[in-house]
Amino acid sequence: MNAAAPPPSPQPVMRLKNVAKIYGAGMAEVRALDGIDLTINQGEFVAIMGASGSGKSTAMNILGCLDTPTSGTYLFKTVDVGRLNRDQRALLRRHYLGFVFQGFNLLARSSAVENVELPLIYRGTRSTERRRLAMRALAHVGLKGREHHFPSELSGGQQQRVAIARAIVTSPKVLLADEPTGNLDTKMSLEIMELLKALNEEEGITVIMVTHEAEMAAYAHRIVQFSDGRIRTDGKKREPA
Amino acid sequence: MLWETFRLALQALRRNALRSFLTVLGIVIGVGAVIAMVTIGNGTTVKVADDLSKLGSNLLFVRPGQFGPGRSSAEARAFTAKDVAALKAQLRGVKAVAPVAQTSGTAIVGTESRATSIIGSDNDFFISQDWPLSAGREFLGGEIRGGRAVCLIGATVRDELFGPAFPIGQRVRVNKVSCEVIGLLEAKGQSSFGTDRDDVILMPLRTFQRRIAGNTNISTIYVSAQDGVETSKVQQDIERLLRERRGITGNEEDDFSVRDMKQIAQTLTSTTAMMTALLGAVAGVSLLVGGIGIMNIMLVSVTERTREIGIRLAIGAQASQVLMQFLVEAVVLSMFGGIVGILSGLGLALLASSTMNIPFMLDWKIVVIAFAFSAAVGILFGFFPARRAARLDPIEALRHE
Chain F
26 MNAAAPPPSP QPVMRLKNVA KIYGAGMAEV RALDGIDLTI NQGEFVAIMG
76 ASGSGKSTAM NILGCLDTPT SGTYLFKTVD VGRLNRDQRA LLRRHYLGFV
126 FQGFNLLARS SAVENVELPL IYRGTRSTER RRLAMRALAH VGLKGREHHF
176 PSELSGGQQQ RVAIARAIVT SPKVLLADEP TGNLDTKMSL EIMELLKALN
226 EEEGITVIMV THEAEMAAYA HRIVQFSDGR IRTDGKKREP A
Chain Y
8 MLWETFRLAL QALRRNALRS FLTVLGIVIG VGAVIAMVTI GNGTTVKVAD
58 DLSKLGSNLL FVRPGQFGPG RSSAEARAFT AKDVAALKAQ LRGVKAVAPV
108 AQTSGTAIVG TESRATSIIG SDNDFFISQD WPLSAGREFL GGEIRGGRAV
158 CLIGATVRDE LFGPAFPIGQ RVRVNKVSCE VIGLLEAKGQ SSFGTDRDDV
208 ILMPLRTFQR RIAGNTNIST IYVSAQDGVE TSKVQQDIER LLRERRGITG
258 NEEDDFSVRD MKQIAQTLTS TTAMMTALLG AVAGVSLLVG GIGIMNIMLV
308 SVTERTREIG IRLAIGAQAS QVLMQFLVEA VVLSMFGGIV GILSGLGLAL
358 LASSTMNIPF MLDWKIVVIA FAFSAAVGIL FGFFPARRAA RLDPIEALRH
408 E
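The listed protein sequences derive, respectively, from chains F and Y. For what it's worth, my numbering labels the leading residue of the first sequence as 26, then goes sequentially. For what it's worth, my numbering labels the leading residue of the second sequence as 8, then goes sequentially.
No lab work stands behind these hints, which were simulated from the structure alone. Take these hints with a grain of salt, some might be off.
[Stated by the list, open to error] Here chain Y is said to cover these stretches of chain F; the calculated rule only asks that three of the stretch's residues, wherever they fall, bring their Cβ under 8 Å from a Cβ of chain Y:
#, segment
1, 83-95
2, 111-117
3, 143-151
If you're wondering where the values come from, they're calculated on a predicted model, not measured in any experiment. Ideal Cβ placement from N, Cα and C applies to all residues, glycine included.
Taking the hints into account, I'd like the entire structure generated from these sequences.
Listed below in C-alpha cells is the structure:
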C-alpha cells in the first residue's frame with residue numbers, strides 16, 4: 026500500500042484469472058485472449074487500449090458478461106461468471122452493469138426518455154417511477170428539455186449522452202464504454218469524457234473504457250495495453266482523485 | 008410486465024400499420040368467412056324450418072322417381088288421374104289428396120303480359136297447401152270434370168296484369184287459352200328458395216292437361232294427413248297402394264318416393280351442415296395461409312430489429328422476455344385480424360340477412376371460437392420467429408448492421 030494513497034483498501038469488483046478465449050479449433054484456432062490476469066477495483070477509471078484484433082473487445086465482452094471465457098475464471102465480486110447461464114448473466118448485467126457503445130445503439134423510434142427507461146422496464150420498475158428516474162438521468166447528463174426528442178433529432182454527442190443516461194439510470198456498479206467517442210468530433214468527445222469523469226468521481230461508478238485515442242485515455246487513472254491477446258502494460262497513470 | 012409487453016407490441020405494430028394490416032388480411036378473410044357463413048347458414052336453416060312448419064307437418068309429397076344423385080325423376084313414369092282417384096278413394100285418415108301438374112307460361116290481359124307459373128290441380132290444393140282464397144270461389148265439380156277454362160290467380164299476377172281493376176269475371180289468356188278468373192289466392196310471399204309463390208295461375212287439372220300441357224302427366228301429389236294421424240302410417244299406405252298400381256313386386260325398388268316435411272327439412276339441414284363443414288375447411292386453409300403470413304412478417308421483423316434485440320439483451324433482458332415480446336406481438340397481430348374478421352363477417356351477415364330476407368342468427372359460440380382460433384394461430388406461428396429472436400447472441404446482434 027502506498028502511504029500517500031488516501032482511500033481505504035481497494036475492493037476488487039472484477040477479477041480475470043488466466044482467462045483465455047479461443048475461437049475455432051485445430052488449424053483455424055484463434056486465441057483472442059491468451060491467458061490474461063486483470064483486476065478492476067471499485068471506483069477505478071480504466072482505459073483499455075490496443076490495436077484492433079489485440080483482444081480488447083473480447084476482454085470487454087467477457088467483463089460485460091456478454092461472453093464467457095474458454096478457460097480461466099472471471100469473478101464478478103464473488104460470483105464465478107463462467108458458471109452462470111445466459112439468463113443469470115442477463116440478470117447480472119441488468120443489476121450491476123451499464124453499457125455505452127461506439128455507435129450509441131439507441132432505439133431509433135423511441136424518444137430519449139423512452140430509451141433511458143428501457144433497462145428499468147426489465148427491472149420491473151413501475152411506470153411513474155421509471156419516468157421520474159429517466160428524467161433525472163437525462164438531467165444528469167445535461168439533456169434537460171430534450172427528453173422527448175428522437176435520436177434523429179439529436180447531435181451525436183447528445184445521442185451518446187442519452188446512451189450514458191440509459192447506462193446509469195439503474196445506478197450500476199460498473200460502466201463499460203466501448204469506444205464511446207469513436208464516432209464523435211474532438212469537442213464532443215471531450216464533453217463525453219468530462220461526463221464520464223464526473224460520473225466516476227462524483228457517483229463512484231467504476232468506468233472501464235476501450236479507446237484508441239491517447240487523449241481520451243488520459244482521463245483514466247489506469248491504462249491497460251493489449252496486444253496479441255495479452256496484456257502488455259498495465260500502469261496507473263495517476264492516483265484517483 | 009405483461010401489460011408493458013402488450014403496449015410495446017402495439018407500438019411496434021403501429022409503426023408498420025400498413026404492413027401489419029396486410030399481414031393479417033388472411034386471418035381477416037378466414038375469420039370473416041366463417042362468421043358470415045355460419046351466421047347466414049343458421050339464419051337460412053331457421054327460415055327454412057319456419058317456412059316448412061307453415062306448410063304443415065302433416066303434409067306428404069309423392070313424386071315419381073327417387074330423390075338423390077344419379078336418379079332422375081324424368082325417367083320414372085308420371086302419375087295419372089287414376090292414381091289420384093285411387094288414393095282419394097282408398098286412403099284413410101287424410102284430409103286432402105291434391106294432384107299437381109305444373110309448367111311455366113305467359114299470361115296476357117289486354118296489353119299486359121307476364122311469364123308466370125301455371126298449375127293444374129283440384130280443390131284439395133287449397134287444403135293441402137293451407138292456402139285460402141282472398142276473393143271469389145273454388146272450382147265447381149263440373150268445371151273440374153269438364154275441364155272448363157276457369158282459373159284462380161295469385162296476388163302477384165293480379166297486381167301485374169289487372170292493377171287496381173277487380174279481376175273476378177274478367178278473362179286472362181294463358182298460353183293462348185282464354186280463362187275466366189273465378190277467384191284470388193291470398194298473398195303468400197316468398198318461398199324458402201326465394202321464389203315468389205304468388206306468381207301463379209291455378210286451373211283445373213283436366214283443363215291444364217288438355218289445353219296447356221297436352222299430356223296426362225301428374226308430377227306431384229300432395230297428401231295431407233288428418234290431425235292426430237301418424238304421417239308414417241299414411242306414408243306406408245301410399246307406398247303399398249302405388250306399388251300395387253304401378254306393378255312393383257317383391258324386392259323391386261320403388262320408382263316413386265313419398266316424403267314428409269320432416270324428411271325434407273332433414274335433407275335441407277344436412278345439406279346446410281355439409282356446406283358449413285366445407286366452408287369451415289376453406290376458412291381453415293385461409294387461417295393457415297394467414298398464419299404463415301404472420302410467421303413470415305415476424306421473421307422479417309426479427310431480422311430488421313436484430314440490433315434492437317441486441318441492445319435489449321445487453322441491458323439485461325432475459326431470453327424469455329425477448330421471446331415474450333415477439334410472441335405477444337404476433338398474438339396481438341392475429342387477434343387484431345380476428346377482431347376485424349369477426350366484425351366484417353357480422354357486417355356481411357347483417358347485409359345478407361336484410362337483403363335476402365332471412366333472420367340474423369348471431370351465434371356467440373362461433374364468435375368466441377373464431378377469436379380463440381385466431382389467437383392460437385398467432386401463438387403457433389409467432390413462436391418460431393420469437394424463439395429465433397430470443398436465441399440471438401447479444402454480441403453478434405449488436406454488430407448487426
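Quick rundown of the hints versus the structure:
Counting residues of the segment 83-95 of chain F whose C-beta sits closer than 8 Å to any C-beta of chain Y gives 4, which meets the bar of three, so the coverage hint holds. With a cut-off of 8 Å between beta carbons, the segment 111-117 of chain F has 4 residues touching chain Y; three or more are needed, and the interface restraint holds. With 6 residues having a Cβ less than 8 Å from any Cβ of chain Y, the segment 143-151 of chain F passes the three-residue criterion, so the hint holds.
Consistency with the previously given hints is maintained throughout, with no hint failing.
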